[in-house]
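Listed in order, the protein sequences are those of chains A and B. Quick note: the first sequence uses our numbering, first residue 219, plus one each step. Quick note: the second sequence uses our numbering, first residue 357, plus one each step.
Pairwise CB distance ranges (calculated):
{"no.": "1", "chain 1": "B", "residue 1": "A475", "chain 2": "A", "residue 2": "H548", "range": "36 to 42 Å"}
{"no.": "2", "chain 1": "B", "residue 1": "D468", "chain 2": "A", "residue 2": "A386", "range": "55 to 61 Å"}
{"no.": "3", "chain 1": "B", "residue 1": "G427", "chain 2": "A", "residue 2": "I428", "range": "24 to 30 Å"}
{"no.": "4", "chain 1": "B", "residue 1": "R469", "chain 2": "A", "residue 2": "L420", "range": "44 to 50 Å"}
Derived, one-sided and incomplete: chain A residues facing chain B with beta-carbon distance under 8 Å:
{"no.": "5", "residue": "P310"}
{"no.": "6", "residue": "D441"}
{"no.": "7", "residue": "V442"}
{"no.": "8", "residue": "A444"}
{"no.": "9", "residue": "Q451"}
{"no.": "10", "residue": "H452"}
{"no.": "11", "residue": "L453"}
{"no.": "12", "residue": "G454"}
{"no.": "13", "residue": "I455"}
{"no.": "14", "residue": "Q456"}
{"no.": "15", "residue": "R494"}
{"no.": "16", "residue": "P499"}
Everything labelled a hint here was simulated from the structure, so no lab data went into it. Backbone N, C-alpha and C fix where the C-beta goes; we use that ideal spot for every residue, glycine too.
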Amino acid sequence: MRTRTGVVLALMTAALIVGIVVSAVIGQLDVGPRAVIGTLLDRAGLTAGWRPDDLLADAIWFIRMPRVAMSLLVGLCLAVAGVMMQAVFGNPLAEPGVVGVSAGAALGAAVAIAAGWTFGGGWAVAVCAFIAGLAATMFVYTTARREGRTEVVTLLLTGIAVNAFAGAGLALVLFAGSTASREQIVFWQLGTMNGSRWIEVLPVAIVAVIGLAFALAVSRQYDVLALGERSAQHLGIQVEPLRIASMFVMALLTGVAVAFTGIVAFVGLVIPHVVRMLVGPGHRVLVIGSALAGGVLVVWADVLARTVVAGSDLPIGLLTSVIGGPFFLHLVRQARSRSGGWA
Amino acid sequence: MSVWELNDVGCRLGGAEVLAGVDLRIAAGRLVVMVGPNGAGKSTLLGVLAGDLPVTGGSALLDDRALSAWGPRALAQRRSVLPQSYDVSFGFSVRDVVAMGRYPWTSVADIDRDEQMIAAALERTDTTHLVDRVFRTLSGGERARVSLARVLAQDTDLVLLDEPTAALDLRHTEEVLGVARELVRAGRTVVVVAHDLSLASAYADDLVVVDRGRVVAHGSPVDVLTPELIHSTYGLAVEVHHVRDRLVVIPAGTIS
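Please work from the sequences and hints to get the whole structure.
Written as structure tokens, this is what we have:
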């Protein structure tokens, strides 16, 4: 079991490193893997002889690498948020979207685009998406909470209502908006890593580090939570504070990812599930594995996004959904044949 | 000396008054079995003893300190609870589940002690052969025993068991109650909720009879289990027979 986990994590790390290099190599400007590695080593302060000339090194570092880093971090954020969601709900089919974070963020972004807000130096859309996503989640949570306790089913039902409401708001904005803003909203929703800059990568990186540290710190508590709320309490876990903190961090992770890249579907649902099948349910390894696998999926999905159709940049949400959709159907069928559905 | 001391305790769940005016003292080192009809409030009373449920009146003390004033970790090191249902999300193995019982002792006990307690708990519940199985694939009775092992691994002085034998076959029923007796012999205090009056009387030091949210009797099985009391609480005429050193309760007129 231990060696298997080690092998899986090593393979994922390898896939990630190869993905990073491949992603940086692909593009209009002809760049070899050697130049990419040389640039990265140079930035890391190691002077190998492989550094290309300044023009090429700058192109790699300021144009290609932010995109790669954003893909990696967005994958990490969404996957770790998915693990947290499933741990808190004790349900392998939960994902951050069910409590309204993505729908809220989409509405926030749409309003910002349609209204033409440009505050914060071009960050208006990201900021609105982030705040609306967080607000939607907190609204769902506080509504579902009564007498200091949260019923999971009530939470999910409230999430459905808020999702529907945000969907209606989005439809209204699309209906009322100009043709140009409509197009922009639609493209925002499809998700893209195109045009990522280091300055945008930074907040995502900060949230990713916070989220990962939090998830690892409470991983043992997540394990015990699998026994159910009451038994976890009997073992000394303060379930409600753990849930509140987890929901908040989950909303931060998803919100920041969605804010900068749009909706990248299915990562939060599929990655934790696949990783659980590979390394088992223990949350410590699951968090690490999902963080890696999330990065792998989105980095490679971004590679595909740029190569499947020559000369065009497909929406990344499309690719993660194309991979995630059939897999999700498979999960549903499997859950159905094993236990007769969700129950 | 009392471990638990409930004075005039009430408890409301979802607006309904489930317990009212409960006075109960449970002494250290006893095996106490709580019996009573369905919906009488046995599990609620156990929940109060466990510190899960807030009381709406009176005072509920554990070690002379209000249960509501206990911190979760301190409470987890003092009492363990076997719930009525045994669900575990995700594919955790039996070993994982039993090891979770050691959670309250994280960074208190060393790893050798943890391993020792886990092995002993598996042994006593006859589940050692199941360690590598996934909990969710076990049968109902196996789940019950593994959950009991998890409770034993918690290694607390006070042990609360809510219908531990409901899913068990004859042999394992006797074994589980034997484990409870063994705990008491080692100086621990065990409170069990059970339905089988004959079985309860065979193992209990004290019986607590709960009826309509009140404790209506508390004492040794021989004193408590009278046909009159059983009739008034269960609404069923019964005969109480002495077979060897056990009491056997059967509906009246079934043996002619």
